[in-house]
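Q: In case you want the letters, here they are:
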Amino acid sequence: MTEGAPDTLAGARLLVTDSEAPEALSNLPLDAWHRQRGARMVPFAGYAMPVQYEGIIAEHLWTRQHAGLFDVSHMGQLEISGEGAVAALEALLPIDLSTLKPGRQRYSLLLDEDGGILDDLMLADRDGTYYVVVNGATKWDDIAHLREHLPDEVTLNHLDEHALLALQGPEAARALGALGLAPAFPRFPQLAELKFMQAAPFTWQGRPIGVSRSGYTGEDGFEISVRGEDVVALADALCARPEVKPIGLGARDSLRLEAGLPLYGHDLSPETDPAEADLTFAINKRRRAEGGFLGADTVLRALAEGVKRKRVGLSVDGRMAAREGAKVFAGEQEVGTVTSGGFSPSLERPIAMAYVAAGHAAAGTRLEIDVRGRRIAAEVVPMPFVPHRYHR
Amino acid sequence: MTRYFSKDHEWIAIDGDTATVGITDYAQGQLGDITFVELPGEGSSVGKGDSVSVVDSVKAASDVYSPVSGTVSAVNQALADTPELVNTAAEGDGWLWKMTLSEATELDALMDEAAYREYVDGL
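For the protein sequence lines, the chains are X and B, in the order given. Take the position in the first sequence, starting the count at 1, then add 280; the result is the number in this note's numbering. Take the position in the second sequence, starting the count at 1, then add 18; the result is the number in this note's numbering.
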């Protein structure tokens, strides 16, 4: 028995462990912690990462019903500060920082000069210092790109001594609330006052932690930046709560797929532009009017002229999953490619994301997917597949 | 009943001139939650090493190869509704198909249980 699907897809890459040299892997601060809890560790973004503990479906459903703790310390945490940081960031990102208040977080895109997507990221205003979280697999390229383009007076600080946890699910607020976080300074909000896409500094038993109310599952939840030396204590305290179980990367992938959230390297790449990726909301209004960011010419032209293809959700008939790389057809005509796909544990059927020709991208369009030589019926459906339940 | 194992993690149990084929418990553990099993057609003729079945897990799709040549005589209908049987009973109720053998000597190239367990320990 061997892998039948291309091993570029996230799931298969998690399974195929012998193709990468284990000695080249770095260990994150929770490495031993994961192993003690029975995690299966796999190479991911250059690190040994937990792909699952008890099983992906059980972990996925637990997160939708209770609260899941994810170690996402492989992701890059950056701080950008200094005179001119606003102008320097706006030269690289299609973001309007004049409308981003302190303590607020926003999704943005790192674009190349051709408007291709180098990475997607979250950026928070920490009182004039910008805190940016980028993907693990791309962080070194991102840092090189930023260093090349940021002027000398703007400081880029890679918080590589910090771990990052995500606590996600309808009981996440109760679990984190029970830890008794204190605002780092009186002027900052209490944890319970944070709404979706807001961020604030706290202390937990004297330890500094940064919390944002955001995540990658579609659920209410938090992302928690914590010093590497404090992360074991924090993970232990959270998992001591009855609502919380540790959750692996496998369920993180199926949760984000159900939430309709694109995964960089699969649904987004330098070959995709923001408009066709259905991420025009990340091109903020003023920037759409004024341009002035790397790749603006191409991106704004695509917005004005319309796109040839579009990222859509597909509901797949039957039980057989359509995965990354599967071709999409309208009759005999090839009209697109699946970029993410798999079994949805919440919906108990296969779902997928695909790029399809604009004429076939409307919700309700019936298409077919070639899955290992067999035509599987599918229908374009609005995303998310599972409704978001953010705390707004 | 004699049971043989392949390096591709299939097992085959021989009972006279018919055999039952499945994937090993080690394989199901590696695959994780199994969500769908595509089975061969009854009566189809298969060659040794042919991809005869596909086991779909939450993580990936994996081909299952026939460890020997022969004709498929039955498939495990229970897997249509309960593919998770392959997780819970890979080497029992989670069998995939039954077949009659055309080249019994092909079994000689397979491992016995002890050799397979040793092989898996080395992975």
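Honestly, the hints are just simulated from the structure, not real lab data. Any given hint could be a false lead.
[Stated by the list, open to error] Only part of the chain X face toward chain B is listed, based on derived beta-carbon distances under 10 Å:
1. ALA325
2. ALA328
3. VAL331
4. ASP533
5. ARG654
6. ALA657
The model shown is predicted, which means the values in this text are computed figures rather than measured ones. Yeah, the Cβ is synthetic: ideal placement off N, Cα and C, and Gly gets one too.
Q: Are the hints correct? Go through all of them and say.
A: Hints, verified against the model:
no.: 1; hint: ALA325; result: violated (17 Å)
no.: 2; hint: ALA328; result: violated (17 Å)
no.: 3; hint: VAL331; result: holds (8 Å)
no.: 4; hint: ASP533; result: holds (9 Å)
no.: 5; hint: ARG654; result: holds (9 Å)
no.: 6; hint: ALA657; result: violated (15 Å)
When the structure is compared with the earlier hints, violations turn up for hints 1, 2, 6 and for no others.
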